[in-house]
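Participant: Listed below, chain by chain, are the residues.
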Amino acid sequence: MIPFSTLLLRSYYQAIGWNQDNTYSNLTRSSAALLDFQIPQSLVLQLANNPTPIFFTSYSLDALPQLNGAISYITTSEAIQGIGPSKSIPFRDVVERFRIYPPPRKPLPKDEIWLGGRRIEGRDYLLYSRLHLPSLHLSGLAVTRLTPTLQAHLAFLSQPQPRTTRPTSPNNPYSHSHSHSRQPSEVSNPVPAPPGNVLLSLQHDTGRYSGEYTYSAQDGMFGLRGLYNFGWKGDGEDEEERSKEKDKRIDEEEMMEGGLRGRFSAGGEVYFSAKQRSFGISTGVRFTTIPPILPIPLHSPPPSPPTTLTLLYNPLIGFISSAYSAQISPTVAVSSRFGVNVYSYESDLSIGGEWWIGRRRGKKHLSELTNQLEPPLVQDNVNLRPNDENENFDGHIKDISQNRVGNTIHEKNKMETEDRDGVLRARISGTGSLAVLYEARIKNCLVSIGAVSDFTSRQRPIRSVGLEVQYYS
Amino acid sequence: MAISDETKDRFNATLGVLKTVVTVGWIPFIIYIGYRNSSPQPSLIKLITPLA
Chain A
1 MIPFSTLLLR
11 SYYQAIGWNQ
21 DNTYSNLTRS
31 SAALLDFQIP
41 QSLVLQLANN
51 PTPIFFTSYS
61 LDALPQLNGA
71 ISYITTSEAI
81 QGIGPSKSIP
91 FRDVVERFRI
101 YPPPRKPLPK
111 DEIWLGGRRI
121 EGRDYLLYSR
131 LHLPSLHLSG
141 LAVTRLTPTL
151 QAHLAFLSQP
161 QPRTTRPTSP
171 NNPYSHSHSH
181 SRQPSEVSNP
191 VPAPPGNVLL
201 SLQHDTGRYS
211 GEYTYSAQDG
221 MFGLRGLYNF
231 GWKGDGEDEE
241 ERSKEKDKRI
251 DEEEMMEGGL
261 RGRFSAGGEV
271 YFSAKQRSFG
281 ISTGVRFTTI
291 PPILPIPLHS
301 PPPSPPTTLT
311 LLYNPLIGFI
321 SSAYSAQISP
331 TVAVSSRFGV
341 NVYSYESDLS
351 IGGEWWIGRR
361 RGKKHLSELT
371 NQLEPPLVQD
381 NVNLRPNDEN
391 ENFDGHIKDI
401 SQNRVGNTIH
411 EKNKMETEDR
421 DGVLRARISG
431 TGSLAVLYEA
441 RIKNCLVSIG
451 AVSDFTSRQR
461 PIRSVGLEVQ
471 YYS
Chain B
1 MAISDETKDR
11 FNATLGVLKT
21 VVTVGWIPFI
31 IYIGYRNSSP
41 QPSLIKLITP
51 LA
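Line order of the protein sequences matches chains A and B. Numbering-wise (UniProt numbering), the first sequence opens with residue 1 and increments by one. Numbering-wise (UniProt numbering), the second sequence opens with residue 1 and increments by one.
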């Protein structure tokens, strides 16, 4: 289950039209949803509420091994509609899942609002705070959009001063800006707390390429990430393809196309820290299929099954990781990943998958939804007619009926899959560990139950079990 | 030009105060921004506790 704050951040990005997928850090997002899913660590309860569409609060309680709590306050500039009560929130939005992300677009500026000769639409922002109890750690995040294509993040983690600190010496190079960070001379607490830190990040997205520039104050680490999308034709891409399809004559010979149709992205990452004298680099390529444009044209080849392939290479440590993920049926997606170190020949293979089960509302409401769909489709039929007056009338009718059938079938399929209220995930890795996670909407709560087991160990075959319950009121 | 120890100390003290202000004021600031920009404005207790 996605944590509430992450869900909110995603909904905020969606509301302002920021494409989170077009960054190098999210290059392996599709396969990670199937291979790196998190099992709840213990017994976690989360309660969230949105008193107004721009303000959100949440409590979370972590019961084992010791009782910890956290309280979060979040506010945004944009009203977020997608987060409703957990009874009715679309289940597909609250879980990490395999999906094909749409082609990148250039982010659009905010709509102008004028009042009394001045623009009053303001700037997009999100402010987040989380106070951990009883340790009183505070984590905060401020996100704002500086220009339509540039976004700034400031994240901080503050740790309250321990009561028994020694006075820091003025010669300590860390003391001037990191007096809150953990010093080696400090008396150590029984539970080591994360040191305070400030993270600055700038994200730049133009559609064709995106960049991310980060700085972490605690270790003085700079990071640069870039991603380039090959074959990016701008926002008019879909319309161009559509008009090309339309211009074809009915009896025109179709060039047979085979294989997967998709797009390539390539990116890289460099990070270095002068303070710690460390340096890192990684590069990656991703191929992902293009989601079909609806309605599917009559003469087009069948749409490619949603597939994503990624290849990552770290030249410094010589590690290559390749992942292949595909949706093999409307309810099943699988992924495999193979990583090998070219210097030591150490390798690792992981296989994972998700299976959408449960159909609480899908079947019951399907007939109602289909009935609701009918009138607009008939309307489409009427609207299309004046545009194609010169075409063969029979062909035209056939075309429309095909489109209509295709459309209805697709919508039906879409609803059938999207209305499922449960997903079962499993992954097995080369080291002999098996992880199983079941996420579902039970009554009005979002529940996830998971376990990690280890075949190789006789003493502890089950390494961890966790249960998480979320309730959005 | 080398920075004197006194300037350093003053800088550190200012930074410390600033940090305290940010950490203490961050949550009230968020609640205030959320309260100010909401329309209609809910009661403050609703914003502060999710159980209300």
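These are calculated hints, taken from the structure and not from any lab test. Even glycine gets a Cβ: it sits at the ideal position worked out from N, Cα and C. Hints may contain errors.
[To be verified] Label-pair distances were calculated between CB atoms; the ranges are: (1) A:Glu112 with B:Pro42: 46 to 52 Å; (2) B:Gly25 with A:Asp219: 22 to 28 Å; (3) B:Asp5 with A:Gln66: 32 to 38 Å; (4) B:Pro42 with A:Leu45: 45 to 51 Å; (5) A:Tyr313 with B:Ala2: 42 to 48 Å; (6) B:Thr49 with A:Pro461: 23 to 29 Å; (7) A:Leu349 with B:Arg10: 26 to 32 Å; (8) A:Lys106 with B:Thr49: 22 to 28 Å; (9) A:Pro160 with B:Ala2: 31 to 37 Å; (10) A:Leu43 with B:Asp5: 38 to 44 Å.
[Said to hold, decoys possible] Listed next, the stretches of chain A that the computed footprint assigns to chain B, with coverage defined by at least 3 CB atoms under 8 Å from CB atoms of chain B: (11) 37-46; (12) 217-225.
Participant: Looking at the structure, which of the earlier hints fail to hold?
Facilitator: Failing hints, ascending: 1, 3, 4, 6, 7, 8, 10, 11 and 12.
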